[in-house]
Amino acid sequence: MLGERGHQFMGVDLYRFTPMPVNQALLDLPNKPGVYLFRRSDGRVQYVGKATNLHNRVKSYFAKNPDRDKIPELVASSDDVEFIVTQSPSEALILERQLIRKHKPRYNSMLMDDKSYPFIAFTDHEFPRVLYTRHPPKGAHLWGPFPDASAAKQVIKLLRRQFGIRDCPELLPKGCLAMHIGLCTAPCVQPKGYNEQVRAAESVLNGDASVLIEALQEEMDAASEDLDY
Numbered sequence: 014m015l016g017e018r019g020h021q022f023m024g025v026d027l028y029r030f031t032p033m034p035v036n037q038a039l040l041d042l043p044n045k046p047g048v049y050l051f052r053r054s055d056g057r058v059q060y061v062g063k064a065t066n067l068h069n070r071v072k073s074y075f076a077k078n079p080d081r082d083k084i085p086e087l088v089a090s091s092d093d094v095e096f097i098v099t100q101s102p103s104e105a106l107i108l109e110r111q112l113i114r115k116h117k118p119r120y121n122s123m124l125m126d127d128k129s130y131p132f133i134a135f136t137d138h139e140f141p142r143v144l145y146t147r148h149p150p151k152g153a154h155l156w157g158p159f160p161d162a163s164a165a166k167q168v169i170k171l172l173r174r175q176f177g178i179r180d181c182p183e184l185l186p187k188g189c190l191a192m193h194i195g196l197c198t199a200p201c202v203q204p205k206g207y208n209e210q211v212r213a214a215e216s217v218l219n220g221d222a223s224v225l226i227e228a229l230q231e232e233m234d235a236a237s238e239d240l241d242y
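Add 13 to a position in the sequence shown, counting from 1, and you land on the number used in the numbering used here.
Just to be clear, a hint being listed does not mean it is correct.
[Claimed, not checked] Think about it this way: if two alpha-carbon atoms lie no more than 27 Å apart in a straight line, the pair counts; the simulated DSSO-like pairs of lysine-lysine are:
#, residue 1, residue 2
1, Lys-45, Lys-170
2, Lys-151, Lys-170
3, Lys-45, Lys-117
4, Lys-170, Lys-115
5, Lys-205, Lys-170
6, Lys-205, Lys-187
7, Lys-151, Lys-205
8, Lys-166, Lys-45
9, Lys-83, Lys-45
10, Lys-83, Lys-115
Rather than coming from a laboratory, the hints here were simulated on the basis of the structure. Remember, it's a predicted structure, so these values are computed and weren't measured experimentally.
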């Protein structure tokens, strides 16, 4: 099973593997995080999913009692499975959303019917707040929906920790607990530079992690100078 650098995401080369037949006996996927795509013979993408463990996740589609009744239909109508290995489950989550947006797979829509999946939203306030929500406010910038709610929450935690995006419902002139523990840059106290941080966080959600990588490198350099790293 050979992989080649066929996809770049968040500034990192990912390994895209040769599609495999939709046959349980022939499938050989790695025990690594990534994204998988069910395709028809004409190349049309039928479904995009993400996994913490590609081998176990795709294998579950062949179980006798799958948890969703459309899965046997998906498997029967697909000709091959393609997969992309990522560096982490969070990276797989964001890549999954990008590929769904790009390909608009039929079965992603069908499997999400009558369900209420959460979104990551940035509000349209003067100083936007980040939300985990199933009912996005009007005018918000949205990413999702996310079938994996816990993973979406982890992405928000990462963005808040790295970029200091507020999640409070109102601005407090003296700041709040999140400001004091470093989870918010407190635009209510010092607005300068806040919206640049928001744009950087949105860039990460859109697949450009160069700003995140640069920020992490600066943290490591500073810690090294303090003999902390």
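Exercise. Which of the listed hints are broken here?
Worked result: Violated hints: none; all satisfied.
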